[in-house]
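Visitor: Sequence:
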Amino acid sequence: MAAAAAVVGGMVASGVIKVVIKQIGSAIGGKIKLHKNLKRDLQKMQMTLESVEAALSDAERRSITDSSALLWVNRLKAAMYDISDMLDDFQSDTQSLFGAMRKRISMPDKMKKMQKCLQKITEDHQNYRLTPETCTNEQQLPDIRENAGTMVEAEIIGRAEEKLEILARLSGSASEHTTFVPIWGFGGIGKSTLARSVYNHPEFEKHSRVWIYVSQIFDLKKIGNTIISQLSRQQSQQILDLHSINIRLQELLAEKKNALIILDDLWEKRPSQLEELKSMLKQGKGCKVMVVVTTRDEGIANEISTVQPYNLPQLSDEMCWEIMRQKSKFETRDDKEWLEPIGKDIAKKCKGVALAAQSLGHILKSKSYGEWNSVRTNHIWNLSTSTDASSGHEVLGSLLLSYNLMPPYLKLFFAYCAILPKGRKMNKYKLIHQWIALGFMEPSSIFSNWQLGESYIMQLLEMSILRHSKAVVECYDTNKIVTLFTMHDLVHDLARSVMADEFNLTGPNCRYAWNIDCTKPLKSSTTSPEKLRALNIVRAAGTSWSKFHHDAIAPAKYVRVLHASVKSNRLFTSIGQLKQLRYLHAPNIQGRVDLGCIGCPNLKELPHSFANLKELVYLNLSESDNVLGLHEALANLSKLQHLELTACENLRGRPEVISNLTELRNLKLSGCMHHIFDSSSTDQTESFIDCICRLPNMEHLDLSFNGHPLISIPQSASCLQKLVLQNCSHVFRLPECVAKMDCQSLFGLLPMFSVTVEDSKCYTSLGLLEHVNPDKLYIDKLENVKSREEARSVKLIEKQRIEELTLKWTPKGKRSVDDMELLTELVPPTALQSFGIYGYISVSFPNWLMSIGNYLPNVVRMEMFDLPNCNSFPPLAQLPPNLQVLILKRMESLQEWNTTYSSGEDGVNELVFCKLEEVIIKYCSKLRITPHLPRAASWYIKGSDNVLIS
1 MAAAAAVVGG
11 MVASGVIKVV
21 IKQIGSAIGG
31 KIKLHKNLKR
41 DLQKMQMTLE
51 SVEAALSDAE
61 RRSITDSSAL
71 LWVNRLKAAM
81 YDISDMLDDF
91 QSDTQSLFGA
101 MRKRISMPDK
111 MKKMQKCLQK
121 ITEDHQNYRL
131 TPETCTNEQQ
141 LPDIRENAGT
151 MVEAEIIGRA
161 EEKLEILARL
171 SGSASEHTTF
181 VPIWGFGGIG
191 KSTLARSVYN
201 HPEFEKHSRV
211 WIYVSQIFDL
221 KKIGNTIISQ
231 LSRQQSQQIL
241 DLHSINIRLQ
251 ELLAEKKNAL
261 IILDDLWEKR
271 PSQLEELKSM
281 LKQGKGCKVM
291 VVVTTRDEGI
301 ANEISTVQPY
311 NLPQLSDEMC
321 WEIMRQKSKF
331 ETRDDKEWLE
341 PIGKDIAKKC
351 KGVALAAQSL
361 GHILKSKSYG
371 EWNSVRTNHI
381 WNLSTSTDAS
391 SGHEVLGSLL
401 LSYNLMPPYL
411 KLFFAYCAIL
421 PKGRKMNKYK
431 LIHQWIALGF
441 MEPSSIFSNW
451 QLGESYIMQL
461 LEMSILRHSK
471 AVVECYDTNK
481 IVTLFTMHDL
491 VHDLARSVMA
501 DEFNLTGPNC
511 RYAWNIDCTK
521 PLKSSTTSPE
531 KLRALNIVRA
541 AGTSWSKFHH
551 DAIAPAKYVR
561 VLHASVKSNR
571 LFTSIGQLKQ
581 LRYLHAPNIQ
591 GRVDLGCIGC
601 PNLKELPHSF
611 ANLKELVYLN
621 LSESDNVLGL
631 HEALANLSKL
641 QHLELTACEN
651 LRGRPEVISN
661 LTELRNLKLS
671 GCMHHIFDSS
681 STDQTESFID
691 CICRLPNMEH
701 LDLSFNGHPL
711 ISIPQSASCL
721 QKLVLQNCSH
731 VFRLPECVAK
741 MDCQSLFGLL
751 PMFSVTVEDS
761 KCYTSLGLLE
771 HVNPDKLYID
781 KLENVKSREE
791 ARSVKLIEKQ
801 RIEELTLKWT
811 PKGKRSVDDM
821 ELLTELVPPT
831 ALQSFGIYGY
841 ISVSFPNWLM
851 SIGNYLPNVV
861 RMEMFDLPNC
871 NSFPPLAQLP
881 PNLQVLILKR
891 MESLQEWNTT
901 YSSGEDGVNE
911 LVFCKLEEVI
921 IKYCSKLRIT
931 PHLPRAASWY
941 IKGSDNVLIS
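Quick note: the sequence shown, position 579, residue 579 per full-length UniProt numbering, numbers continuous.
One should not assume that every hint holds.
With a straight-line Cα cutoff of 25 Å, these simulated DSS-like cross-link-like pairs (lysine-lysine) come out [unchecked claim]: (1) K922 with K257; (2) K110 with K557; (3) K547 with K557; (4) K44 with K110; (5) K367 with K422; (6) K639 with K430; (7) K795 with K740; (8) K39 with K22; (9) K222 with K282; (10) K761 with K776; (11) K799 with K786; (12) K351 with K367; (13) K722 with K430; (14) K889 with K814; (15) K367 with K269.
I should point out that these hints are in silico values taken from the structure, not numbers from a laboratory.
Taking the hints into account, I'd like the entire structure generated from these sequences.
Guide: So, in structure tokens, the structure goes:
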């Protein structure tokens with residue numbers, strides 16, 4: 001049997017031909033005026049392809065076992081790519097008179113060549129007697145009510161006993177040492193899913209938890225740095241030597257009481273390396289470290305274990321059927337009585353592999369009785385498994401069948417993920433933009449390309465083709481929530497097989513090349529670089545950032561997606577030749593960027609040649625320190641939808657060019673506004689933002705981390721779907737319509753609000769809160785407030801949506817208003833449930849707080865931190881009646897807390913029994929509680945000895 005790459009490599013052709021047919025239709029009905037003969041030729045070509053498409057499904061099925069059908073499918077696919085390139089090339093040069101004339105001369109010859117090629121393919125299709133299949137037009141309706149980022153994975157089926165066994169092995173270990181519990185078994189059986197279930201178990205909620213995807217590339221330094229980053233909960237600077245990594249780990253683990261570490265997908269077999277890994281994690285004295293390892297190899301499991309390794313058994317046929325029942329929504333069907341025996345037969349063919357059952361179950365959800373039966377009898381089952389010669393991994397027949405049953409439009413989206421290295425996290429935002437740039441989206445009169453992209457993501461998630469990243473579902477990238485996905489190793493193997501040699505630069509049909517060395521010319525002995533559609537270039541390890549070969553990208557003249565992980569400004573010297581480029585990701589460019597001096601070593605601005613990139617839709621130049629100016633070349637990018645200039649520190653002049661980008665939807669100007677305008681240009685800045693907000697398609701604007709001259713937001717910003725104002729410390733004017741945007745739209749201003757002030761002003765930014773009404777509010781730097789009137793104008797008591805409120809002063813900060821006077825005006829709303837005060841330095845509280853139970857009856861949690869001078873506290877009887885948690889910390893002057901109140905006609909003091917569950921008192925050295933400690937389920941007292949003798 002041929003290798004898997006050859007066996008299934010033709011199966012993506014149906015997706016390619018569908019895209020090309022739509023592309024021809026767009027060219028025929030588009031705005032470009034076509035010569036009469038050219039239009040006729042395109043119509044003839046379209047009809048030919050539609051006829052071929054009808055038989056393609058049969059050809060793809062036969063290509064798995066029939067080498068002649070496979071050859072025909074691959075030839076057809078190659079022809080489709082060539083037609084697509086031809087059309088894109090034609091349309092890109094018809095904007096100018098010279099270009100249109102040149103194309104009119106050359107196009108007939110190209111058309112004649114392509115028609116001859118198609119004629120041969122059509123004749124072969126007839127000779128092979130491929131059977132046309134009746135196609136149904138599946139309307140691709142995205143469910144825009146759902147958000148992939150908030151999906152919760154269903155309960156694991158059939159692994160309850162296994163999970164209890166792993167928990168028992170972890171909890172049964174000694175109290176203070178590192179325990180390694182390996183889970184081993186073959187791919188797709190559910191090792192990682194079981195580990196994730198353990199990771200999320202309530203028993204470990206208060207543990208410090210770490211998840212690491214180890215992969216086939218074993219890197220101790222990377223593992224150590226990742227653990228450090230997750231334990232410290234911040235992006236730490238990479239430590240370069242193992243000794244320093246071990247020292248830092250020792251420090252971090254010593255601080256933790258309990259730690260759970262998941263090492264997912266370990267392949268390393270060398271005992272010496274495994275021993276170093278074990279030593280690395282035996283650093284924390286006084287900390288119980290539990291390590292769960294998943295691996296396919298029994299030898300690795302035995303080598304690294306400190307307790308008996310757990311061999312995860314295959315799922316029973318019944319469990320596979322139960323997974324399929326859930327995934328296919330079997331119980332909602334009217335014909336389930338007839339489908340059940342078929343479904344059970346299919347479940348048996350899954351061979352106990354959960355991943356296969358999940359994928360097939362979703363595929364069968366919308367299928368008829370006849371289609372269920374076709375799946376059961378499909379000839380692909382006879383292949384059992386096929387081995388990928390390039391990697392040695394198995395591609396399960398069940399997963400191949402799931403792919404074969406995918407709608408043609410979805411096959412392309414799935415297969416494209418194969419170009420990323422195994423285990424690489426995929427950024428949802430970038431992935432969808434790359435799909436759009438590659439022309440995978442079918443035009444829709446109902447949904448935008450972005451909505452369609454999110455729909456395809458949802459479908460791939462439901463099929464278990466994509467999975468949310470286990471360690472971090474969402475991370476913060478300059479205050480933009482980023483959703484990350486991963487792909488199971490077996491699914492990645494399948495995607496690589498589907499793509500065959502289309503991702504291999506040394507093969508004859510490479511279309512997508514990843515991790516190509518930018519210091520060498522782009523070439524291959526068998527592939528023309530012109531065929532490339534997506535290209536990722538990197539700098540070879542150990543080479544200077546400035547080293548960049550002049551032919552590293554230039555030969556790929558039809559490339560649509562360019563992802564550049566390089567820093568050299570020489571990237572731009574040939575960028576203008578890539579006229580089909582639609583996606584350019586080139587952050588962190590170092591050295592000045594030249595505006596038209598091709599080949600100059602000291603570039604100064606964006607090159608004039610950027611004007612040639614008329615197809616560009618996505619452009620990211622963030623953190624390129626020396627990109628000078630927003631040159632008029634940008635104004636010619638009429639199709640640009642996403643522009644990112646975050647932290648470009650030397651932008652200068654001509655900001656109005658952005659206002660010409662009428663298709664722009666997402667603009668990121670984080671940390672760079674003060675480089676475009678000088679500090680006195682506040683009116684110009686507001687006018688510029690107003691112009692951006694009025695662009696007809698603008699949706700997201702990121703202005704985070706901008707100071708002067710950004711002091712005012714225009715009313716037009718209320719039309720945006722999202723406005724990011726994180727750390728915009730000098731914004732003092734916010735229109736009511738903008739302030740009333742919800743927290744999902746007005747991002748960064750709330751819930752963490754810091755009061756800022758300018759020396760020349762008699763007011764602060766506190767007034768921005770007048771019209772906001774969030775669920776949570778944290779007000780910091782209250783010492784900056786200039787007057788009681790400012791606080792009164794906020795009308796905090798009227799903001800009934802607020803459930804959590806924290807008021808914070810800097811204890812040693814200079815004040816214009818006494819803390820008690822200010823707090824008198826900041827009466828919270830009665831709906832409040834959680835209330836905290838930090839850094840308050842007045843001696844006493846206002847009247848409303850001393851009888852807080854009357855004002856805030858719904859509060860269940862109350863915190864008082866760093867109140868050094870306060871000598872009073874509300875009697876227990878005056879606290880909120882529903883209070884459950886009370887925390888007092890560093891109230892050095894507080895001497896008494898009265899837990900009685902006067903009740904009844906005779907005025908007898910009675911002990912109050914409230915609903916307190918937890919009381920925490922720290923460093924309140926003078927505090928006594930009289931007459932008795934109130935009843936509470938839990939007490940924690942530290943540095944407050946007088947409390948104990950009350």
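Visitor: Holds or violated: K547 and K557, Cα atoms, limit 25 Å.
Guide: Holds, at roughly 21 Å.
Visitor: With the threshold set at 25 Å, check whether the alpha-carbon distance from K799 to K786 stays at or below it.
Guide: The hint holds at about 22 Å.
Visitor: Does K430 sit within 25 Å of K639, going by the straight-line distance between their CA atoms?
Guide: 17 Å, holds
Visitor: Measure nothing beyond the straight line between the CA atoms of K922 and K257; if it is 25 Å or shorter, mark the hint as holding.
Guide: 20 Å, holds
Visitor: Is the Cα-Cα distance between K110 and K557 25 Å or less?
Guide: Holds, at about 17 Å.
Visitor: Would the hint linking K761 and K776 be met if the CA-CA limit is 25 Å?
Guide: 28 Å, violated
Visitor: Just to be careful, I want the Cα atoms of K351 and K367 compared with a cutoff of 25 Å; is the pair within it?
Guide: 22 Å, holds
Visitor: So if I understand the rule, the pair passes when the alpha-carbon distance is 25 Å or less; does K222 with K282 pass?
Guide: With a Cα-Cα distance of about 17 Å, the restraint between K222 and K282 holds, given a limit of 25 Å.
Visitor: Keeping to a limit of 25 Å between CA atoms, is the pair of K722 and K430 held or broken?
Guide: Holds, at roughly 18 Å.
Visitor: For K367 and K269, compute the direct alpha-carbon distance and say whether it is at most 25 Å.
Guide: 44 Å, violated
Visitor: Run the distance test for K889 versus K814: straight-line Cα separation, threshold 25 Å.
Guide: Given that 25 Å is the threshold and the Cα spacing comes to 22 Å, the pair holds.
Visitor: With the threshold set at 25 Å, check whether the alpha-carbon distance from K39 to K22 stays at or below it.
Guide: Judged against 25 Å, a Cα distance of about 15 Å means the pair holds.
Of the numbered hints stated above, those contradicted by the structure are hints 5, 10 and 15, listed in ascending order.
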